[in-house]
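> The listed protein sequences correspond, in order, to chains A and B. Counted the way this note's numbering counts, the first sequence spans residues 6 to 298. Counted the way this note's numbering counts, the second sequence spans residues 6 to 298.
Note that these hints are calculated values from the structure, not bench results. Since the structure is predicted, the reported quantities are computational estimates derived from the model, not experimental observations. It is possible that some hints are incorrect.
Note: identical chains are not told apart, hence a pair may lie in one copy or across any two.
Said to hold, decoys possible - Okay, derived cross-link-like pairs now, DSS-like style, lysine-lysine, Cα gap no bigger than 30 Å in a straight line:
#: 1; residue 1: Lys92; residue 2: Lys266
#: 2; residue 1: Lys14; residue 2: Lys69
#: 3; residue 1: Lys262; residue 2: Lys250
#: 4; residue 1: Lys163; residue 2: Lys138
2 protein chains.
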Amino acid sequence: MKKDFGNFKGILIIGLGLIGGSLALSLKNEGYNGKIYGYDLNKDRVKTALRLKAIDEGFTDLEKIPWENIDLVVLATPVKTFENIAKQIKPFLKPDTIVSDVGSVKGELIQKLFNILKPNVFVGIHPIAGTEKEGIENAVVGLFKDAKVIVTPPEENKEVVRVKKLWQDLGSQVEVMDPYTHDFVFASVSHLPHAVAFALVDALINLSKETGIDLFKYPGGGFRDFTRIAASSPTVWKDIFLENKKDVIHAIDEFIKSLEKLKYYIEEEKQEDLIDLLSETREKRLSLDKSRK
Amino acid sequence: MKKDFGNFKGILIIGLGLIGGSLALSLKNEGYNGKIYGYDLNKDRVKTALRLKAIDEGFTDLEKIPWENIDLVVLATPVKTFENIAKQIKPFLKPDTIVSDVGSVKGELIQKLFNILKPNVFVGIHPIAGTEKEGIENAVVGLFKDAKVIVTPPEENKEVVRVKKLWQDLGSQVEVMDPYTHDFVFASVSHLPHAVAFALVDALINLSKETGIDLFKYPGGGFRDFTRIAASSPTVWKDIFLENKKDVIHAIDEFIKSLEKLKYYIEEEKQEDLIDLLSETREKRLSLDKSRK
């Protein structure tokens, strides 16, 4: 099918961080020939986006944006700000302008955004891509190529089809998922690992204090890979944890159960149970590597 | 200083797995010109070691080893087997043959090995290197180059100096540490992260079962890096957890405290506490990257 990126003439990206910046640069790079507008509260980020030629025009004031040219708005700020931004932009939107996002939390939040924005249509998007770095200066061209992109619509309307097309034309693998299922899945495979990484580094800080030995001098044994994601943005992750609270707590509880079980096997020297547990997780992890190929 | 690898004429490596194999290959590659003997219960491993030219002679029977040529024995089997092997080889050792190891647990175990082996001298060694793979077929030439290698002697005797020299000549950064401190440090920076990785994969298996959603289809968000070490050898890790039980349990408990604290902050929506915790761990992790450079 012809590349038309959903046939949007003008796209406004709100929030010129790593993901917003990578989206803008990737659109340009893949041959999108509409106009890309950028908005950010931070003047320097807008300047950087212009300098990198990620956007055609940049704004720090919503009122100055040429709204008549915008037929897609993408929210690329921390998820906690979405409701407020939706309220702020609502009066400016043309009737057929679609609002979308790139946030990591859907569920309830999606429902709220629908209600705030209607009759404008909201299309929830979560690209499973990113790095632990922040800011448009770390934006990556092609970040979404071959990446899974989850779209969480209540129904497959024409607006959903257009937004899906935009991501497909960026080379992403678009997959439809119920917004509540989405939150459970990513609480488990992404939010939980981040919580665990933050807690692990915190535990090592405390163990270092307790003993006076600087444990961070000995980062062998997979520790470095393991805690890479603990360097992720505190603001972004605070918001994700809070916005997806119910599913994140559920995943943390399930993880603590698994860890208590492992601890019990070690304490009671349950050799066979240990081997069974470690073998099962090993096989699961190895099957993951194979499925990638 | 001239490379003499501690001036050992014949080295016997017991256990031809990833670490034993990598040690043999690295010695050859760095120009060690004594003889390397290999012993393993598994005939195929001995054959592979001979085929890879990691060892000069291979054995599956202790009695057939030319013990008069051996002045260093390196235990490279799972730590749980060390005591038994020490008892079995004791009668064969020349009076000045040094016994060493490459195990991840020291502390009590070292004391037991001292007692079994005396008057022969035991020198405890832990190279902070490895991969999640197993077996001599995955051995890596140069695995120990620039790696930290911990030596845990009760005193700096001439045997310790010789074994240190061998590792220094392989390009390792040798560091002396009390055996009990060693066990606490590696319980924290290596054994705990492995326990966490195993428990994380276990939790996802259980969450998948609970909901019927195959969570392993969505391994985004750092999950892949994070659980790489969950593919490590079940036997090796069962032994490490059990041999270093006290310190591992202590580290797990400290980690659960950190995770419960994070969970509490999320449940109670303690925004500032969350930002503080996430910022502190982020800075610590970033300082780690810098210190490597």
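> Decide, hint by hint, whether the structure agrees.
How the hints compare with the structure:
For a Cα distance limit of 30 Å, the shortest separation of Lys92 from Lys266 qualifies neither inside one copy, at 47 Å, nor across copies, at 34 Å. Taking CA atoms no more than 30 Å apart as the test, Lys14 paired with Lys69 passes inside one copy only; the shortest distance there is 18 Å, against 81 Å between copies. Taking the closest pair of Cα atoms, Lys262 and Lys250 come within 30 Å of each other both inside a single copy (18 Å) and across two copies (19 Å). Taking CA atoms no more than 30 Å apart as the test, Lys163 paired with Lys138 passes in neither setting, with 35 Å inside one copy and 49 Å between copies.
Of the hints listed earlier, those the structure fails to meet are numbers 1 and 4, in rising order.
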